[in-house]
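Colleague: Residue numbers (the numbering used here), protein chains in the order written: chain F, 1 to 244; chain C, 245 to 639.
I should point out that these hints are in silico values taken from the structure, not numbers from a laboratory. One or more of the hints may lead you astray.
Stated by the list, open to error - Dumping the calculated BS3-like pairs for lysine-lysine here, alpha-carbon to alpha-carbon at most 25 Å: (1) K181/F with K612/C; (2) K132/F with K31/F; (3) K534/C with K417/C; (4) K534/C with K335/C; (5) K605/C with K181/F; (6) K420/C with K200/F; (7) K39/F with K181/F; (8) K200/F with K612/C; (9) K420/C with K605/C; (10) K534/C with K65/F.
None of the values given here were measured: they were computed from a predicted structure.
The primary structure of each chain is shown beneath.
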Amino acid sequence: MAAAAPVTTFATAGGATLSPDHYVDVAYEEKLRLWDEVKADPRFPDYLYGCYECGICVAACPSAKFYNFSPRKIAQAAAREDVELIFEQMNDDVWNCSQCFSCNRCPRQNSPGGLITILREVAVNNGLASSKAALEGYTRIVYKIMTTGTQVSPDMLQADAFPDWGPGVMEVSDNLELWRKALPPETLHTTSMSWQVDDKTLTELYLIWHYTGVMDLIAEVDEGLHMIILDVMEETLEEAGFEI
Amino acid sequence: MTSIIPIESLRMKPRPDPANAPTIDIRETLFELEAAGELIVHRVPEPYVEVMTKYGRTKRIPEQMTWHHKSCGQCGHIPGYSTSIFWLNRKLGFDYVDPTDQTSCTAWNYYASATSNAAAQAGVAMRNFAAAHEVGYYPLIHCGTSYGHYKEVREEIVHHADLRAQVRDIMGKLGKELVMPEEIVHYSEWVHAMRHRFAELQVYDLSNVTASVHPACHYYKLVQEDAIYDPDLYGGERTATVSALVEALGATVGDYSTFFDCCGFGFRHILVERDFSRSFATMRKIEVIKEEANPDVVLTHDTGCVTTLDKSQFAAQAHQRNVGIPVMSDAQFAALAMGAHPYKVCQLHWHTTDYTALLEKMGIDWEKAWIEFEMDVARIERGEIEYLSWEDAGV
Ligand code: SF4
Ligand code: SF4
């Protein structure tokens, strides 16, 4: 049986002190295990040196202007090793970050954005429900980048995907084949990839995904996506003489 | 109220002394690692241009023999961006490679979804660097995020022996060596280094054009010491990249108060939570720029920034927001000034916000140019030509 979690309190933006009322069903040990995973990342010591609570990172942060989100709180929770709050942030806050690294302005040389990169990675690696929810609608991007080596293909420009970008998107999609041929660089005549990538290059990319455990990570987040990606890779790798 | 801060008021600050730099010079560590047999350092080929970086150090920018590490967002959605970079190289008669042995840095996805890890990201970077080294051309990074991310990767490879060994082992399995470029160079640094040569080839007078600059976060906020600064521009307080080009081409830099703010791209937000991107881009950047500097164009030097600042204005216009400034890259702007075709080269029909007033102010007959482009497209459609060639684009 899990030991009782220490009572953790934290201040809200309005100054009231609350006890976290959600994620109580997750055992403290589990939250601690995830936090230990964050700290074990070799980049962690370079991203956190303590915190002055000066708020410079918040002033620089775009996400703090539109969300209930604060890089200072992220750095503070990590510096205090507030395991409960960190778990909450790992679920509720980290996906608001724009990963712009404006917070690298920190006078303490922290990188709250870098901490968030690690927190997200641990969340994804451990298949947290919140990370799965955050990645919903993102599957095709992951599929595209992992299988073609390029992320933003011309054929993604569809009017229904970008209705807020105006009628120009439809014009591009209607003329896509012709307009891609009307590009002087010969590597750019593609529609389903950003540029032409050699098969040998793709083989090498697929091997990197396998050798570094990214395929296992994808299986953790989305089993269906994992199967589809594996299927695409298998043929290329087999042709190149590699067994998965 | 217009408040163009006179750049002269910030001039004449002394050059920072690299001896007082708060960071180590990572190039020295790279050469030590090379001497210890840990990796190969890919030297910047001669001739190169020396520029000053944030802490007063000197950075070498190769003129040519460059391996163009393309950007997926540029090539995919704003292809006039990449095309203009190549056009500028050809205009100067430079030797370069546009490789097919290149993958994206995959960092857009990484910063958006975290569905990767440090070793994989380093593996992707080092595979691309090895590919450039194999053919003897020097990596020139088109994307600001690739550039920033690769600088982070370099820090990690240098400072973490375990990661270095892991990635070297992976490269070995791919039949490649562990190669790190002596300098990680962004294309906008090359544009910066070449700006006076561009000015010599300029065909349009830009003295009546005002351009506001949005600097890309991943260019100068990630591993800050590598970005170009100039005591004569913004007193060395802000990166000089792009702004120095505007001055060299004889246009006016329109300053504004939210220079440091990001564009709102957000990596995942631009794809799945775009209300944030749109709000930030219009309310914190475009509207402020219009109110304070009212420029003819916003120039930036990264994929995500051009996309977000340009595309976000469409919906904002529907809400009667004070927007409506064309957005493009420094490379497209320089190419236009040098007589590049606005559609065959700069491919402005892929952009959203109306740019025709800018072209008219520059003296470019965009209506005639569009007819020329459509005639070429018709030739492709009729099968008379398969593709538009560089010859068709005038280089
Ligand atoms: S990286 Fe994230 S936390 Fe840091 S300033 Fe950008 S949005 Fe804010
Ligand atoms: S800028 Fe740095 S020291 Fe200041 S609150 Fe943010 S993390 Fe803490």
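Colleague: Hint by hint, note whether the structure agrees.
Modeller: We went through each hint and held it up to the structure:
{"no.": "1", "hint": "K181/F with K612/C", "verdict": "21 Å, holds"}
{"no.": "2", "hint": "K132/F with K31/F", "verdict": "18 Å, holds"}
{"no.": "3", "hint": "K534/C with K417/C", "verdict": "53 Å, violated"}
{"no.": "4", "hint": "K534/C with K335/C", "verdict": "33 Å, violated"}
{"no.": "5", "hint": "K605/C with K181/F", "verdict": "30 Å, violated"}
{"no.": "6", "hint": "K420/C with K200/F", "verdict": "13 Å, holds"}
{"no.": "7", "hint": "K39/F with K181/F", "verdict": "50 Å, violated"}
{"no.": "8", "hint": "K200/F with K612/C", "verdict": "43 Å, violated"}
{"no.": "9", "hint": "K420/C with K605/C", "verdict": "51 Å, violated"}
{"no.": "10", "hint": "K534/C with K65/F", "verdict": "20 Å, holds"}
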